[in-house]
Amino acid sequence: MTDVDLTTNVAGVTLPNPVMTASGCAASGRELDQFFDVAELGAFVTKSIMLQPRSGRPTPRMAETPSGMLNSIGLQGPGIEAFLANDLPWLVARGARAVVSIAGSTVGEYVELARRVGACDGVAAVEVNISCPNVENRGLVFACDPAQAATVTAEVRREVPADVPVLAKLSPDVTDIVAVAESVMSAGATGLSMINTLLGMAIDPDTLRPVLGGVTGGLSGPGIRPVAVRCVWQVHAAMPEVPIIGVGGIRTGADALEFLLAGASAVQVGTVTFHDPSAPMRVVSELADELARRGYGKPAEVVGLAHQRSGDAS
Amino acid sequence: MRTPMTATYPIAARTEAGPVQARGEVVSNTPVGDYFHLTLAAPGIATRTRPGQFVALAVGGSPSAMLLRRAFSVYRADVDADTVGIVLAVHGKGTAWLAALRSGDRVDVVGPLGRPFELPERPTDCVLVAGGYGSAPMFGLAGRLRERGCAVHLVLGAATESRLFGVAEAERVADSVTVTTDDGTTGVRGLVTDPLPDLVGRTRARQVYACGPMAMLRAVSAVAEAYDARSQCAVEEAMACGVGVCMTCVLPVVGDDGVTRMVRSCVEGPVFAGDRVRWDAVGTIPEGTWGRGT
Chain A
42 MTDVDLTTNV AGVTLPNPVM TASGCAASGR ELDQFFDVAE LGAFVTKSIM LQPRSGRPTP
102 RMAETPSGML NSIGLQGPGI EAFLANDLPW LVARGARAVV SIAGSTVGEY VELARRVGAC
162 DGVAAVEVNI SCPNVENRGL VFACDPAQAA TVTAEVRREV PADVPVLAKL SPDVTDIVAV
222 AESVMSAGAT GLSMINTLLG MAIDPDTLRP VLGGVTGGLS GPGIRPVAVR CVWQVHAAMP
282 EVPIIGVGGI RTGADALEFL LAGASAVQVG TVTFHDPSAP MRVVSELADE LARRGYGKPA
342 EVVGLAHQRS GDAS
Chain B
1475 MRTPMTATYP IAARTEAGPV QARGEVVSNT PVGDYFHLTL AAPGIATRTR PGQFVALAVG
1535 GSPSAMLLRR AFSVYRADVD ADTVGIVLAV HGKGTAWLAA LRSGDRVDVV GPLGRPFELP
1595 ERPTDCVLVA GGYGSAPMFG LAGRLRERGC AVHLVLGAAT ESRLFGVAEA ERVADSVTVT
1655 TDDGTTGVRG LVTDPLPDLV GRTRARQVYA CGPMAMLRAV SAVAEAYDAR SQCAVEEAMA
1715 CGVGVCMTCV LPVVGDDGVT RMVRSCVEGP VFAGDRVRWD AVGTIPEGTW GRGT
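Quick mapping for you: the protein sequence lines, in order, are chains A and B. The first sequence begins at 42 in our numbering and counts up by one. The second sequence begins at 1475 in our numbering and counts up by one.
Heads up, a few of these hints could be off.
Rough simulated footprint, nothing fancy, chain A against chain B, three-plus residues with beta-carbon under 8 Å [said to hold, decoys possible]:
id	stretch
1	1491-1497
2	1541-1548
3	1711-1720
4	1724-1738
5	1750-1763
Anything over 10 Å on all C-beta distances counts as not near chain B; from chain A, calculated [what the hints assert, rightly or not]:
id	residue
6	ASP46
7	ALA160
8	ALA203
9	ASP214
10	LEU240
11	PRO267
12	GLU327
Keep in mind that the hints were calculated from the coordinates and are not lab data. We put the beta carbon where it would ideally sit given N, CA and C, even for glycine.
Kindly generate the complete structure, drawing on both the sequences and the hints.
Written out as structure tokens, the structure reads:
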């Protein structure tokens, strides 16, 4: 077996390995630190933080689906002030590389969040959750409109120090994800996280009513992995130089490898953490094994490899 | 019961008191009325468990298409045998899978999770109320309370006789036992909360403990309040992870500062002071909740 060095450079940041948590699937960090050392992850992605404290949506907030789940949490969170006072300093003190996810309901909220997060030490990157309704534009989701997505990205980029990468997290619920990707990259994004959840819903055959308190919710888990791999594939094919962080249904090291082969430089482990709280670090060691077994010494050697036609020299 | 000979091993245990993730092995799985009493060899969990805490089980084997963990109150934590027992009812595919487990089968288990029941500082009469298999944590609790010199009055209720759990054992662990069924198949006909006012009044109990459905907990909490007793209620809220990361198991609870917040029943609960839960507003975000906005 080959010796594998998992050290990864993504969007200009060097990480000990290419595996991160996914936003909204790892709370503040303390919860999972009971099961593994969060500082050993490539990076820790926080749940999306908003300007104000937020209660989220009523219960029921989740429904199990085949190899996945629907959630309508509604971005429950403490707000930026409490986050910067409690959660971020804890992650930094623990030695974790913190990727701070921000979410707003107006462009102005993203700007304010980016300014405050950008002023903090120890932020490895800012991930912009643009899958939020824009209350100033008929509630249309930023991520579903290339122009809106670009506006938010450009404004955030302006507020965040140049050496801190800005990652735009894309929604798969669009007709042409490449167009959105190109739009946010031209607006100054350093890289892309893809994908966010798919909009879905479930109806209870006993009550004859929607299961979720929020009626619709985000579909995640291994059931959406093929959609995520397809999105990464399409964007990497169009823009091979763009750093992509693959996310969507990763359960094993082999799943992580699939995303690298499609063109991602790093991955995030999300919903599967609910099933197995040790999953993010398990995926780190499984990915090393998968690479070693195939004779690869670094993750970078396989990034985008599936795009080469069979028979191409590697 | 046999002692498992092969490797059951802790996968992750980073702190002395915190939860352990273990590859559990089924020691026994016995039908009891409408329920199953499942005992797992799960190294390191029993010794950390206090009454009221729960374990979260992965279902469906590996890899499973059922991603969400199923949470169960610990019925018995046997420190010597290093086993934990739970009581389960078949509600869907996940619990049907658990009900079909045989001795030697493997189950990934995380626990103990959540906050346990608090014990009174001084000996007092305590009333323990359970609906259906909500009785599971009450036997361990009764033992702890009696060790402290408390008198234990146990009230077990269910829709019908087959949905009661642990009536015979109740006689051994409690100073008095009252049984109710909605249909009168055994015990007193009526709701589990019907005998409560008389019992709490008569014993002058200072502590009421309860586990069961929300409507029952709401009624128990109201009785306790009327008699100036403290109530501690273990909720049965649906959870996806059990460890505090999924944010699905929230309910409205009033904090020390008088502000209502949506709190996770897996980490802040499952045991709550009955007078702090906004029982009437469970399933909603009530007006004035922190972060609700306008």
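Status of the hints after comparison with the structure:
Given a C-beta distance limit of less than 8 Å, the hint that chain A covers the stretch 1491-1497 of chain B holds, as 3 residues qualify and 3 suffice. For the stretch 1541-1548 of chain B, the stated coverage by chain A is satisfied: 3 residues place a CB nearer than 8 Å to a CB of that chain, which reaches the threshold of 3. Counting residues of the stretch 1711-1720 of chain B whose CB lies closer than 8 Å to any CB of chain A gives 8, which reaches the minimum of 3, so the coverage claim holds. Coverage of the stretch 1724-1738 of chain B by chain A holds. Counting CB-CB distances below 8 Å, 4 residues qualify, and the rule asks for three or more.
Using a Cβ-Cβ cut-off of 8 Å, 5 residues of the stretch 1750-1763 of chain B lie near chain A, which meets the minimum of three, so the contact claim holds. With a cut of 10 Å on Cβ distances, ASP46 (chain A) stays outside the contact zone with chain B, its closest approach being about 25 Å. Distance check on ALA160 (chain A): its Cβ is at least 23 Å (rounded) from any Cβ of chain B, clearing the 10 Å threshold; non-interface status holds. Distance to chain B confirms ALA203 (chain A) as a non-interface residue, since its nearest Cβ pair spans about 33 Å, more than 10 Å.
Non-interface status of ASP214 (chain A) relative to chain B is upheld: no Cβ of that chain comes within 10 Å, the nearest being about 21 Å off. No beta-carbon of chain B is positioned within 10 Å of the beta-carbon of LEU240 (chain A); the least distance is around 18 Å. With a least CB separation of 15 Å from chain B, PRO267 (chain A) remains clear of the 10 Å interface cut-off, as annotated. The non-interface label for GLU327 (chain A) is consistent with chain B: the shortest C-beta to C-beta separation is roughly 13 Å, beyond 10 Å.
Going through the hint list in order, the structure satisfies each hint without exception.
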